[in-house]
Amino acid sequence: MKNAFWRRFCRNKGAVIGLGVLVWVALVALLGPLFLDYGPWDMVDAPFLEPLSPDGRWLGTDTMGRDIWAGLVHGARVSLLIGFVSTVVSLLIGVSLGAIAGYFGGWVDAVLMRFTELFQSVPSFALAIVLVAIFEPSVASMVTAIAVVSWPPVARLVRGEFMALRQRDFVSAALLAGQSTPRVILTQILPNAVSPIVVMASLMVASAILLESSLSFLGLGDPNQMSWGYMVGTARTVMRQAWWMAVFPGVSIVLTVLALNLVGEGLNDGMNARADGKR
Amino acid sequence: MTTTPIDAAVNAIVSPPPVLQVQGLSVRLPAGGDRQLAVSNVSFDLLPGQTLCVVGESGSGKSMIANAVMGLLPRPHVEPVAGQIQFGGKDLLKLTEEQLRSLRGQRIGMIFQEPMTALNPVMRIGDQLAEVFDAHMSLSGAEKRKRIIAALTDVGLPDPELIINSYPFRLSGGQRQRVMIACALLLEPQLLIADEPTTALDVTTQAQILQLIRELQQRKGTAVLFITHDFGVVSEIADHVVVMQMGQCVEEGAASAVLGRPQHAYTKKLLAAIPKGVVRDVQTERDDHFVLQVQDLNKIYNTGGGLFTKGRRVHAANQINFNLRRGETLGIVGESGSGKSTVGKCLVGLQGFDDGRILFNGKSLYPGSNFQAVAKSRIQMVFQDPYASLNPRHRIGAAIASGPIAQGVSPDKAKARALELLKLVGLKEEAYDRFPHEFSGGQRQRIGIARALALDPELLVADEPVSALDVSVQEQVLKLFAQVREEFGLSMVFITHDLRVAGELCDHIAVMQRGQIVEYDTSRQVLHNPQHEYTRKLIDAIPKLAAAPVLDDVASEEVPA
Amino acid sequence: MNRLQLMLKRLFQGGVAILAIAVVNFLLIRAAPGDPVAVLAGEAGASDEQFVAQLRAQFGLDQPLSVQLWHYLSNVVQLDLGFSYRQQQPVLDLILERLPATLLLTGSAFVMSLVLGVLLGAWSSRKVGTWVDSAITTVALVFYATPLYWLAMMAVLLFTVQLGWLPGFGYFTVGSGLTGFALAWDVFLHLLMPSVSLALFYMAVYARMTRASMLEVAQMDFVKTAQAKGVHPRRIHRNHILRNALLPVVTLAGIQAGGMIGGAVLTETVFSWPGIGRLMFDALMQRDYNLLMGCFLVTSAMAVLFNLITDFIYTLVDPRIEMA
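Residue numbers (the working numbering), protein chains in the order written: chain A, 1 to 279; chain B, 1 to 561; chain C, 1 to 324.
For reference, chain A alone in the conformation it holds in the complex (with noise of 0.2 angstroms):
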C-alpha cells in the first residue's frame, strides 16, 4: 500500500516541488546557523547595504546592519517550529474534542459543537492577537494562542468522519463481538479518519506559519527570536530606502506557505484512490 501512495503522490508535480522546497527550507533551517559565525542580532555591518553588495552580505542589511540572510536562516527555524509544534498542539486538541462529539453524539455532541462554534464565531486573528498581549509575547504564548485559534476546524472535520464512520456496519459488527468503547474508536475508526487529518495537518502548518507570521509582524513575537514577520515589520517604515528588507523574507514566507499547501493537495492525491475503486 505504501508504494501506491507514493506513486499517486508524485504524479502531482506541484506536490514533488513542494517537497522539494520544504526539505531545502529545513536544510537550511537546520545547517544554516552552523555556516554562519554570527547571530541575525548581530550587527556586523554597516546598515542598509543593497543585496549583492561587494561585501558578501549577498542579501543586504537592514536598518541596524544585520544580515538579511542570517535572518531568514535562523526565521526559517523558528517559522518551522512554531508551524509544527502549534499545529500538533492543535491537532491533539481538536482530534479529541472531535472525536468524542463525532463519536457519542447526543448531547455530549451538542455541547461540544457549540463550544466550538463559540471559538469559530470570533475573529480568529484577533483573538490571537489579544492572548499574545494578555500574556507577553513569548514562543510558548504564540504556540498557544495559535493553537487556540486553530483546533475548531479541524475538531468539526474529526466530528464529521467520526460521526460517518460511526454508522457504518463494520463498527456495529465489531460492538457486536463484544469489543469495549476505546478500543472500536482507535482500532476500528481512526485508522479510516486518518488521511483527512493528515491532509488537513499539512494545510494547518501552513496557516500557523502565516499566523506566526502576522503576529510577528505586529511586534508580538518573541523579543529574543528573529522571524520572516518580524523582518518585514521593521521594513515597513522604510521601505522607499530598502525594498529588499521586505522582499526576501515575504518571499520566503509565501514559498514556504506554497509548498506546504501543494503538499497537502499532493497527499490528498496520495490518500484518496480508493473511493472509487481505481489503484
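One thing to keep in mind: the hints can contain errors.
Think about it this way: if two alpha-carbon atoms lie no more than 30 angstroms apart in a straight line, the pair counts; the simulated DSBU-like pairs of lysine-lysine are [unchecked claim]: (1) Lys224(C) - Lys146(B); (2) Lys376(B) - Lys413(B); (3) Lys90(B) - Lys224(C); (4) Lys220(B) - Lys94(B); (5) Lys413(B) - Lys479(B); (6) Lys224(C) - Lys220(B); (7) Lys269(B) - Lys479(B); (8) Lys127(C) - Lys94(B); (9) Lys544(B) - Lys376(B); (10) Lys144(B) - Lys224(C); (11) Lys127(C) - Lys224(C); (12) Lys13(A) - Lys127(C); (13) Lys423(B) - Lys376(B); (14) Lys537(B) - Lys276(B); (15) Lys269(B) - Lys428(B); (16) Lys544(B) - Lys220(B); (17) Lys479(B) - Lys268(B); (18) Lys220(B) - Lys537(B); (19) Lys268(B) - Lys423(B); (20) Lys415(B) - Lys479(B); (21) Lys224(C) - Lys94(B).
Derived DEER-like restraints, expressed as beta-carbon distance ranges [what the hints assert, rightly or not]: (22) Glu117(A) - Gln36(B): 50 to 58 angstroms; (23) Ala31(C) - Phe48(A): 37 to 45 angstroms; (24) Gly160(A) - Leu27(C): 24 to 32 angstroms; (25) Gly106(A) - Lys428(B): 40 to 48 angstroms; (26) Lys268(B) - Thr138(C): 54 to 62 angstroms; (27) Asp296(B) - Gly106(A): 21 to 29 angstroms; (28) Pro74(B) - Leu8(C): 42 to 50 angstroms.
Here are some chain C residues the structure puts well away from chain B; computed CB gaps all over 10 angstroms [to be verified]: (29) Asp48; (30) Pro64; (31) Leu65; (32) Val77; (33) Arg86; (34) Glu97; (35) Thr173; (36) Ser176; (37) Leu183; (38) Phe188; (39) Gly259; (40) Phe312.
If you are wondering where the hints come from, they were derived from the structure by calculation, not from laboratory data. The beta carbon of each residue, even a glycine, is placed where N, CA and C say it ideally should be.
Since the structure of chain A is already known, use the hints to place chains B and C on it.
Coordinates of chains B and C only, in the frame set by chain A:
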C-alpha cells in the same frame, strides 16, 4: 445482403423499418479495467412500438449501450471503437455534439435509475419540465404551462398545479420517477431509453411505474429500450430480449423464446437463480424452547426539532409481537419505511427500544450496556451492504478472529477457527491475509457470515443480506445461509423486502407495513392464502415469470406512490 | 424550517455568542499576569493614582467574581465599554469614530472577493484542463500563500513608491478640502489598494472552493438528466451546476468573514487606514488593554453580523428553506 426494390417495398409494408438499429457496437474502457471492451460487437434492432429489454448483471455493459445511444459516454476515457447506431437514417456515433443535443429530449428521451438524485434540488419542477421546451423550440409561457400540466396528469400525478411550483424534495421516489418520465416523453420522442428505472423503487411502486410505461407506450407508440437486471421485469414488459454477459450479447430473440426456451448456458443460469416461489414448510419436529420472544416492542424516532421548531415523530416499531423457536427461521418482510430494519437493530442491541420486552432464552434483554451482559454476543448480525460491512483497513482473517479474541479466546485458537470458517463459506485459506477490496460483493457477504459465525451465535439476524447482490450470486449466498443453518442449528431472523426469498428460506413470515405487523403466519399461509390487503398487494406486485407457478390471483387497488 | 424561524434562531445564537465573548473578555483580563487594575489602566494610566482608584471602584475589584461579571456585562449591554486613559475618551466613542472606515474596507473587500472569486472559480471549472484553468489555479494558489500585510506592502512599493499611481496612506487626501463627487473619487483611489490587497487572499479561497464545488456538482445525476433533455451546456452550467455549487461557497463565506475582519488589522496598519483594526494596533502598542478588549468585542460582533448576513443570503439561495 442485397434486396430487390420489390422485396424492399414488401418489407416496408410488412415490417416497418426499425427505430433503432445497433450494429456491431464495441465500446472501449480506459486501460487498467477488468477488461478491454465494455461492450463487444453487440447488434440488435428495435422496431416502432416495441419494447426491447437488455438484461444482464452488474458490469455486463448494458448501461454503456444506453449511454452510447444518447451520446452520454464519458469520452475520451470511454470511447466507441466499432459499429454503428442507426437512428432516423443517421449514425449517431458520427454526429456532432450539436446534432446529438437536438435529438436528446426531442426524438430520444431517457430516464435513469436513481430518482432521488435525478432532479435538480434547487429548481422548481415546472421549470425543469419547461427546460425541455426551451431547449428545442420557443413557446409562450401559457402554452408551456398547459402542456406541462397535461404531461403531469398523463403520468398519474395528482395536483399538477401544485407540483409545478414545488421543489423535488417534496416528492417521493416514485413520484420523482413519474416526473422524469413526463420530462422524457414531453416532446413525444420516437424512442424512450430507460436505464434501470425501477431498480431503486419498492416492489409496489415498481409495478405501478412499469404499468405506466406500458400504457404510455401503447398510447403514443413509442419504442422502448429498457435496461434491467431483473428477469421478472423482462417477462412483464418485453417483446424482445438481449442478454448480456461481460460485454457480449450471449442470447437474443423474442421474449417468449428466450424466457421459455433459453439456449445459452448463462441465460439458463440467470433464469434458474430466480426464486421460484418454492415455499419452505414448518419443520415437523419443533423444539418447544423459545429462543426469542418479542412482546409489544415499540420504538419511536424523534427527528429534527430545535428551539423553534417541532420535530417529527416516526413510530418505527409499533406493538411488535412474535416468537421464534430453536432452529426456526422467521422472515420479516416489508418495503422501505416499514420498520423492519429498526426491529432487526433492536434485536441485536444496536438500537434501544422505548417499550416492550425482548426475551432471549427466557431472559429479558434491556437496551443499553445491560444488553451484551445478557446476550453475551450470542446474537449476531449479517449486514446488507457488503461494501460497508468490513473495515477496509483490516485484513479479513483478523476481522473474523477479532470477535472471538474480544470474547477471551486465545489468538491461536481464534485464528484456527477463522481459517475453518473461511473454508466453510467457500473461500480459500489464503484469503486470511487479504483486504476486503480484493473481494467481490458476494465473497464479502460470505466473509460477513463467517465473521458472525465465529462468535458461535444462537440467533442470527440477517438484515437484507442479499439485496445488494446480483441475482446469480444471491442464490449462492442464500444456499449458504440454509447450509449454515443446518450445520450449526441456528435460529434466524431474516429481514428482506422480497417475499419469494422469505418464502424459500423461512418457515414463518411477518409482513410489516408502516411500523406494524399486518400479517404473521407460516410461509405457506402468507404466500398462498394472504389475509391482509397489503400482503395481497405485495404478492401481486412481484413481477411474475411466465414459467413460475401462479400465486393467488387477487385484485389490488391502485394508489400512485 | 421557514426563513423567518431560521433567522430568528440565528439572531438568538448570535446574541448568545456576543454575550459569551464578553464573558471571555472579562476572564482574559482577569487571567493576565499581574494586577488586573494595572492591566486595565494601561501603561499610562497605571501611574495616575486617582484613575486607578476610580477603576477599582468602578469594577468593584474587591467584590466577588460573579458580581464583577454582572457589572461588566450590564455595562456592555448598555454599550459602556470603559474609558481609554491614553486617548482620554470613552472607548465606545473611539470605536464609533473608526467604525465606518472599517466597514467600508471590509465590506468592499468581502463583496469583491466573493463575486470575483466565484466568477473565476466557475470559469476555471468550465475550462478545466486548459491553460485558463491552470493559470487561475496557480494564481489562486500563490495568493492563498501570501501574507496579507506583505501583499499590502508590495502593492505600496509598486503602485505608490515606484509608479506613483495610487496614494498609499490614509482615507483621503488631508487638507485638500474636496467635496461631493471629487471627494468620493479621492476616497475611492485611497480605498482601491487596501481593499484589493485584503480581498485577494479570500478571492483565492472562494475561487478554489467554487472550482472544486462545481467539478463535484458536475458529476451529479441531475446534470446527466439535464443533458438527456437536450439542454444547452451553457444553460446547464448556469442553472444546474452553478446554482447548486454556490451553496457550500456561501457557507464558507460566512466562516471566512471572521478571518477577513481579523485580517483588516494588518491591512489598516500598512495603509494607515483609520479603522478599528488600526485602533487595535495602536492600543496594542500603547498597552491600552481597556481599548484593546473593547475593539476585540466590537470586531467579534462585526463577525457575528457578517455571519448573519451570509446565513440570510444562504436562505435566499437555497429554496428548500421556504418563505416566511
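If we take the beta carbon of Asp48(C), is the closest beta carbon in chain B still more than 10 angstroms away?
48 angstroms, holds
Can you let me know if the beta-carbon spacing of Pro74(B) and Leu8(C) is within 42 to 50 angstroms?
46 angstroms, holds
If you check the beta carbons of Ala31(C) and Phe48(A), does the distance land in 37 to 45 angstroms?
43 angstroms Cβ-Cβ, so the 37 to 45 angstroms window holds.
Given pair status - Lys224(C), Lys144(B), alpha carbons within 30 angstroms:
23 angstroms, holds
For a C-alpha distance cap of 30 angstroms, please report whether Lys415(B) and Lys479(B) respect it.
Holds: Lys415(B) and Lys479(B) sit about 25 angstroms apart, inside 30 angstroms.
Leu65(C) clear of chain B by more than 10 angstroms, beta carbon to beta carbon?
Given that every Cβ of chain B is farther than 10 angstroms from that of Leu65(C), nearest at about 29 angstroms, it holds.
Would the pair Lys220(B) and Lys537(B) pass a check requiring their Cα atoms to be no farther apart than 30 angstroms?
29 angstroms, holds
Hinted pair Lys376(B) and Lys413(B), Cα distance within 30 angstroms:
19 angstroms, holds
Can the restraint linking Lys220(B) and Lys94(B) be considered satisfied, given a maximum Cα separation of 30 angstroms?
Holds - the C-alpha atoms of Lys94(B) and Lys220(B) are around 29 angstroms apart, at most 30 angstroms.
For the hint 54 to 62 angstroms, verify it against the beta carbon of Lys268(B) and that of Thr138(C).
59 angstroms, holds
Within 21 to 29 angstroms or not, the Cβ separation of Asp296(B) and Gly106(A)?
This hint holds: roughly 26 angstroms between Cβ atoms.
Please verify whether Lys127(C) and Lys224(C) have alpha carbons no more than 30 angstroms apart.
Since the Cα atoms of Lys127(C) and Lys224(C) sit roughly 19 angstroms apart, the hinted pair holds (cutoff 30 angstroms).
Checked against the numbered hints above, the structure violates only hint 9.
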